[in-house]
Every structure is written in structure tokens, then in C-alpha cells.
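Here are the chains, one letter per residue:
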Amino acid sequence: MRLKKVIITFIGIIIGLLFLSPFYIILTNSFKTKKQLFMSTLSLPKEFNFDNYIQAWEDLEFLHVFRNSLTITVIGIVVIVVFASMAAWMIQRTNNKMANIILYAFIAAMLIPFQAVMLPLVRFMGNLNLLNIPGIIFMYLGFGSSLSIFLYHGFIKSIPRSLDEAATIDGCNSIQTYIHVIFPILKPISITVAMLNMVWIWNDYLLPSLTINTEKTHTIPLRIFYFFGEYTKQWHLALAGLTLGIIPVIILYFFAQKHIVESVTAGSIKS
Amino acid sequence: MKRSKLAFYGFIAPCFIAFTFTVIIPFIMGIYYSFTDWNGIKSNISFIGLENYKAIFTDALFKDSFLFTAVFTIASVIIINLVGFGLAILVTRKFRLQNVLRTVFFMPNLIGGLILGFIWQFIFVKAFASIGEATGATWLYGWLTNRETGFWGLVILMTWQMAGYLMIIYIAALQNIPKSLIEASQIDGASGLARLRHIILPLIRPGFTVCLFLTLSNSFKLYDQNLSLTAGGPQNKTQMLALNIYNTAFKFNNMGEAQAKAIILFVVVACFSLIQVYLSKKGEVEM
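The listed protein sequences derive, respectively, from chains A and B. When we follow the working numbering, the leftmost residue of the first sequence carries the number 1, and every step to the right adds one. When we follow the working numbering, the leftmost residue of the second sequence carries the number 1, and every step to the right adds one.
None of these hints come from the bench; they were simulated from the model. Where is the CB? At the ideal position from N, CA and C, for every residue including glycine. Accuracy of the hints is not assured; some may be wrong.
[Unchecked claim] Some chain B residues close to chain A (C-beta under 8 Å, calculated; not the full set): (1) A18; (2) L67; (3) G112; (4) I119; (5) I131; (6) A137; (7) L140; (8) N218; (9) K221; (10) Y223; (11) F252; (12) A262.
[What the hints assert, rightly or not] Which chain A residues stay away from chain B? Per the calculated CB distances, all over 12 Å, these: (13) I15; (14) T33; (15) P45; (16) K46; (17) E47; (18) Y53; (19) D59; (20) L63; (21) H64; (22) N132; (23) I133; (24) K157; (25) G171; (26) N173; (27) I185; (28) A194.
[Claimed, not checked] SDA-like cross-link-like pairs, simulated, lysine to any residue; straight-line CA separation at most 20 Å: (29) B:K221 - A:V122; (30) B:K126 - B:A137; (31) A:K5 - B:S191; (32) A:K35 - B:A75; (33) A:K5 - B:L97; (34) A:K5 - B:K42; (35) B:K5 - A:G126; (36) B:K126 - A:Q36; (37) B:K251 - A:K46; (38) B:K221 - A:L207; (39) A:K187 - A:K258; (40) B:K221 - A:Q36.
Produce the complete structure using the sequences and hints provided.
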């Protein structure tokens with residue numbers, strides 16, 4: 001038994017290191033000078049100079065693009081959580097054909113790949129003057145609704161209707177019932193929905209590249225794409241830029257690990 | 001309980017309007033555009049029937065992309081699921097590093113596909129060459145310079161990214177298996193392999209359904225990683241469907257034809273997903 005445990009631990013460590021090696025390679029090389037990186041990619045850097053980072057930070061306008069990403073992601077999540085939970089509650093509590101049709105429309109749409117709607121979407125949104133940050137948040141609400149409503153719907157099924165009824169008897173109207181009774185109960189599933197949408201919106205490249213393609217409104221993935229194009233032969237700068245790009249998610253992962261992992265489990269078992 | 005129509009529509013409206021504007025209307029428009037000569041520039045678009053679809057069938061590059069995508073999907077679905085399941089088996093054993101390893105295996109998943117592709121481009125191009133130099137392994141040279149290494153590059157990247165995600169799902173499925181069943185099989189003297197085949201595999205079918213669905217549809221629609229790892233190169237030899245659609249639209253301004261390709265992508269993804277979910281569900285064991 002002891003020996004078996006040692007072997008498992010050993011295998012685990014090997015695979016773990018293999019999984020971490022890309023991070024190690026990127027990080028160590030991001031501190032090297034261009035010449036040093038050219039000489040050897042496997043050695044440790046001779047010294048930790050932050051010049052690459054300083055230049056990448058400036059060229060990426062990192063604070064600026066970080067703020068754009070943060071704004072879009074945070075507002076996107078808030079509108080998805082609020083509106084999808086409202087919609088799912090109403091749909092679940094209404095027993096008529098219309099509610100069913102709407103629910104199935106949302107669910108069926110999950111089969112549509114983004115590519116099938118992207119060209120008309122850009123044209124349509126352009127005509128509506130929505131190729132900007134408010135526009136992209138609106139689009140994230142549209143694309144995020146399906147899975148979010150689906151998850152909320154499954155959760156709300158397990159909340160007894162008598163709770164809604166008690167609130168009504170106490171004199172609450174629909175809005176008050178939702179705010180004071182339903183929304184607080186939804187907290188666990190709201191965290192799941194928020195996490196799943198966060199990872200998706202934060203990392204999304206294609207939709208921003210099609211819809212908010214002006215320098216001022218670049219998000220992190222978008223700016224990194226252009227940054228990379230400029231520095232194809234200058235890996236030391238490109239790697240510093242990439243590292244800057246992944247630092248925010250890694251930091252977040254250490255704080256919200258439990259929630260992120262739980263949301264993956266909840267999201268997949270339901271779907 | 002009766003609620004007013006106003007409350008019903010009022011609560012559903014924000015999501016429904018956004019959904020209609022971003023999914024329903026563009027989807028219907030998209031079907032129409034696939035039958036037109038839309039090129040993104042001229043304003044009067046005319047109906048040309050099945051011309052776009054005909055053009056696609058004689059498009060050698062599209063055929064090539066389709067084939068590459070299909071083979072990639074098969075390879076990645078098998079490999080990612082095997083690795084993900086293996087990791088899940090590993091970290092559900094009781095040993096000290098269990099939780100650290102879960103964290104490590106899942107981490108790549110949080111990084112966006114675009115950034116991941118660039119990271120791996122460096123590893124394949126520079127680090128692989130260095131390792132090859134140090135060890136004399138010539139097969140490590142020249143990665144991403146031909147179709148084969150580009151293909152396996154994509155598979156490796158996707159496995160690194162998604163295996164941890166599937167691991168989480170498989171862990172949940174494994175933990176749903178009642179302990180008493182495992183114990184009973186041990187008392188009956190079943191070997192580890194027999195237990196895997198007759199108890200564990202049948203009971204994790206629901207997790208398996210989800211994982212197959214996720215890997216299948218993700219692989220078929222892959223775009224970001226393809227763009228940043230190889231950009232379809234060299235000479236479009238690693239171009240996948242989604243990239244082919246994008247290039248048809250924006251490099252060659254054949255919006256109508258690109259849209260027709262996108263409709264084909266939709267039909268393929270929808271069919272395969274539905275068939276796969278139907279078949280997997282059929283075999284699931286009710287607890």
C-alpha cells in the first residue's frame with residue numbers, strides 16, 4: 001500500500017510538472033534579452049531585468065486595455081445575472097405554451113455556432129450603431145442568455161412555489177417578490193453563471209475583433225493580437241506581453257478557485 | 001397563481017430582445033445571405049439561388065479545411081477524453097498532492113484561446129528546437145512548418161487546455177458512484193479492470209455524454225487557437241473550417257459564400273451534436 005502511494009505521487013508530480021512547463025518556459029524567457037533568448041531558450045535568465053515588461057506594458061497600454069476588458073466583463077456579467085435570472089424565473093413559473101416556446105428557443109440556440117451568425121450580426125449591429133462598448137455588452141447578453149437561463153431554470157424548479165405565493169399574500173408585487181425573495185435564494189447558481197460567463201467574456205477574441213475594432217476600445221486579447229503581429233521576431237517582448245495578459249486570470253484563479261471549479265461542475269452536469 | 005401579461009413580458013424582455021437581435025435575426029438573415037451575392041461592399045444584394053453552395057463543392061481549399069477539421073476533431077476528442085479521464089482517476093486517489101494537482105491541471109483552461117496559441121507557438125518553434133538540439137531528437141525540429149506537426153501542435157495545445165476541464169466533470173461523475181457498489185465488487189473479488197469496465201464506466205456515462213459533446217463541438221468550431229498558433233499556415237495546410245469561413249469573408253470579400261459555408265458548419269455541428277447526445281443518452285444507466 002505504501003509503495004503504491006509513492007508511485008502515484010511520483011506519477012502525479014511528473015504529469016504536474018509537464019502541465020506547468022509551458023508557464024515555466026514563457027516566464028523564464030520573458031526576462032531574457034533578445035540576444036540571450038536567441039542563444040538559449042532552456043536556460044534560466046542571467047538576471048531578472050524588467051525592461052521587457054516595461055516596454056510591453058507601455059506598448060500594450062496595459063492599464064487602458066485592462067480597464068476596457070474589466071468594464072465589458074463586469075457589466076456584461078451583471079446584466080446577464082440580473083436579466084437571465086428574471087427571465088428564467090418568469091418562464092419557470094408560467095405554465096403556458098408561450099413560456100415553453102421561449103425556453104426551447106433559448107436552449108435550441110445553443111447549437112448555433114457563432115460563425116453562422118457573425119457576418120449578418122456585424123452588418124445588423126452596424127446599422128443600429130451598436131459597434132461600441134454598450135453594443136458589445138448588449139451582444140454578450142444575447143449570446144449569454146441561453147446557457148444562463150437554462151442553468152437558472154433548472155435551479156428555480158427546485159424552489160417551492162409556495163414561497164412566491166407567500167410573498168404575494170404578504171403584498172409583494174412581482175418585482176418585489178423577485179428582489180426580496182427569489183434573487184437572494186439564487187445566490188449559488190448566480191455565482192456559477194457569473195463565473196462561466198466571466199471566463200468566456202474575458203477571453204473572447206472573435207466578437208470584439210469584429211465589433212469594437214478601434215484602438216480606444218481594445219480589450220486585452222484584441223490588443224495582444226495586434227501587439228504580437230508587431231513583434232513576431234522579438235520574442236522577448238512578445239512573451240512579456242503574453243505574461244501580462246495571463247496574470248489577471250491567474251490572480252483571480254487563486255482567489256476564486258473554489259467557485260470557478262464548482263461552476264464548471266454545476267454547469268456541465270446541468271447541460 | 002396568475003401574473004399579469006405585463007409582468008411576464010417585462011421580466012423576459014431584456015434577455016429576449018438581446019437574444020433576438022444577436023441570435024435569431026442574424027441567423028435568419030444569415031440563411032438568406034447564403035443565397036445571395038453579398039460581398040460586403042455593394043449595397044444592392046441580389047438573390048442567386050444555390051450558386052454559393054455549388055461554388056463550395058468545387059472549392060478545393062474548403063474540402064481540405066473540412067477534412068483537416070474532421071480528422072482533428074476525431075483525434076482531439078479521443079485524446080482529450082482519455083487524458084481528462086486519466087487525470088480524474090489520478091486525482092481521486094487519496095494522496096497528499098491531490099488538490100494541488102487539480103489546481104494545476106485546470107489552470108490552462110482559464111487562459112484565452114488566442115493567448116494560448118501564441119504561448120504554444122513559442123514552445124513549438126523555439127523551445128522544441130532547443131530541446132531537440134540538447135537531446136539530438138530530430139523530430140523536434142521545424143514544428144508548425146508542415147501539416148503534420150501543425151496538426152499535432154493543435155492537438156497538444158487543445159489537450160493541455162481542455163483536459164483539466166474534462167477532469168473536473170469526470171471527477172464529479174466518479175464521485176456520484178455509490179461507495180457501496182465499489183465495496184461490494186471488492187468483496188466479490190472483481191479485479192480493478194473488471195470494476196472499471198462493469199461498474200465505473202457504465203455509471204459515469206452522463207459525464208461522458210457531456211465531455212464528448214463539449215470536445216466535439218469545441219473542436220469543430222475551433223478558431224482562436226488555430227489563428228494564433230499557425231494562422232492556417234503553411235500555405236493554408238492547417239486551416240480549419242472557422243478560419244476558412246473568416247478568410248472567405250474578410251480576405252476575399254465573398255460574404256455570401258462565407259455565409260453559406262457557415263450554414264454548412266451549423267448543419268454539421270448541430271447534426272453531430274444531436275446524434276451524439278441521443279446515442280450517449282440511450283446508453284445511460286438510471287440510478
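Here is how each hint holds up against the structure:
{"no.": "1", "hint": "A18", "in the structure": "holds, 4 Å"}
{"no.": "2", "hint": "L67", "in the structure": "violated, 18 Å"}
{"no.": "3", "hint": "G112", "in the structure": "holds, 3 Å"}
{"no.": "4", "hint": "I119", "in the structure": "holds, 6 Å"}
{"no.": "5", "hint": "I131", "in the structure": "holds, 7 Å"}
{"no.": "6", "hint": "A137", "in the structure": "violated, 13 Å"}
{"no.": "7", "hint": "L140", "in the structure": "violated, 12 Å"}
{"no.": "8", "hint": "N218", "in the structure": "violated, 10 Å"}
{"no.": "9", "hint": "K221", "in the structure": "holds, 5 Å"}
{"no.": "10", "hint": "Y223", "in the structure": "holds, 6 Å"}
{"no.": "11", "hint": "F252", "in the structure": "violated, 13 Å"}
{"no.": "12", "hint": "A262", "in the structure": "holds, 4 Å"}
{"no.": "13", "hint": "I15", "in the structure": "violated, 7 Å"}
{"no.": "14", "hint": "T33", "in the structure": "holds, 15 Å"}
{"no.": "15", "hint": "P45", "in the structure": "holds, 14 Å"}
{"no.": "16", "hint": "K46", "in the structure": "holds, 16 Å"}
{"no.": "17", "hint": "E47", "in the structure": "holds, 20 Å"}
{"no.": "18", "hint": "Y53", "in the structure": "holds, 16 Å"}
{"no.": "19", "hint": "D59", "in the structure": "holds, 15 Å"}
{"no.": "20", "hint": "L63", "in the structure": "holds, 18 Å"}
{"no.": "21", "hint": "H64", "in the structure": "holds, 18 Å"}
{"no.": "22", "hint": "N132", "in the structure": "holds, 15 Å"}
{"no.": "23", "hint": "I133", "in the structure": "holds, 15 Å"}
{"no.": "24", "hint": "K157", "in the structure": "holds, 16 Å"}
{"no.": "25", "hint": "G171", "in the structure": "holds, 14 Å"}
{"no.": "26", "hint": "N173", "in the structure": "violated, 8 Å"}
{"no.": "27", "hint": "I185", "in the structure": "holds, 16 Å"}
{"no.": "28", "hint": "A194", "in the structure": "holds, 14 Å"}
{"no.": "29", "hint": "B:K221 - A:V122", "in the structure": "holds, 19 Å"}
{"no.": "30", "hint": "B:K126 - B:A137", "in the structure": "holds, 14 Å"}
{"no.": "31", "hint": "A:K5 - B:S191", "in the structure": "holds, 19 Å"}
{"no.": "32", "hint": "A:K35 - B:A75", "in the structure": "violated, 38 Å"}
{"no.": "33", "hint": "A:K5 - B:L97", "in the structure": "holds, 11 Å"}
{"no.": "34", "hint": "A:K5 - B:K42", "in the structure": "violated, 69 Å"}
{"no.": "35", "hint": "B:K5 - A:G126", "in the structure": "violated, 33 Å"}
{"no.": "36", "hint": "B:K126 - A:Q36", "in the structure": "holds, 13 Å"}
{"no.": "37", "hint": "B:K251 - A:K46", "in the structure": "violated, 44 Å"}
{"no.": "38", "hint": "B:K221 - A:L207", "in the structure": "holds, 14 Å"}
{"no.": "39", "hint": "A:K187 - A:K258", "in the structure": "holds, 15 Å"}
{"no.": "40", "hint": "B:K221 - A:Q36", "in the structure": "violated, 39 Å"}
Figure legend: structure checked against the earlier numbered hints; hints not met, in rising order: 2, 6, 7, 8, 11, 13, 26, 32, 34, 35, 37 and 40.
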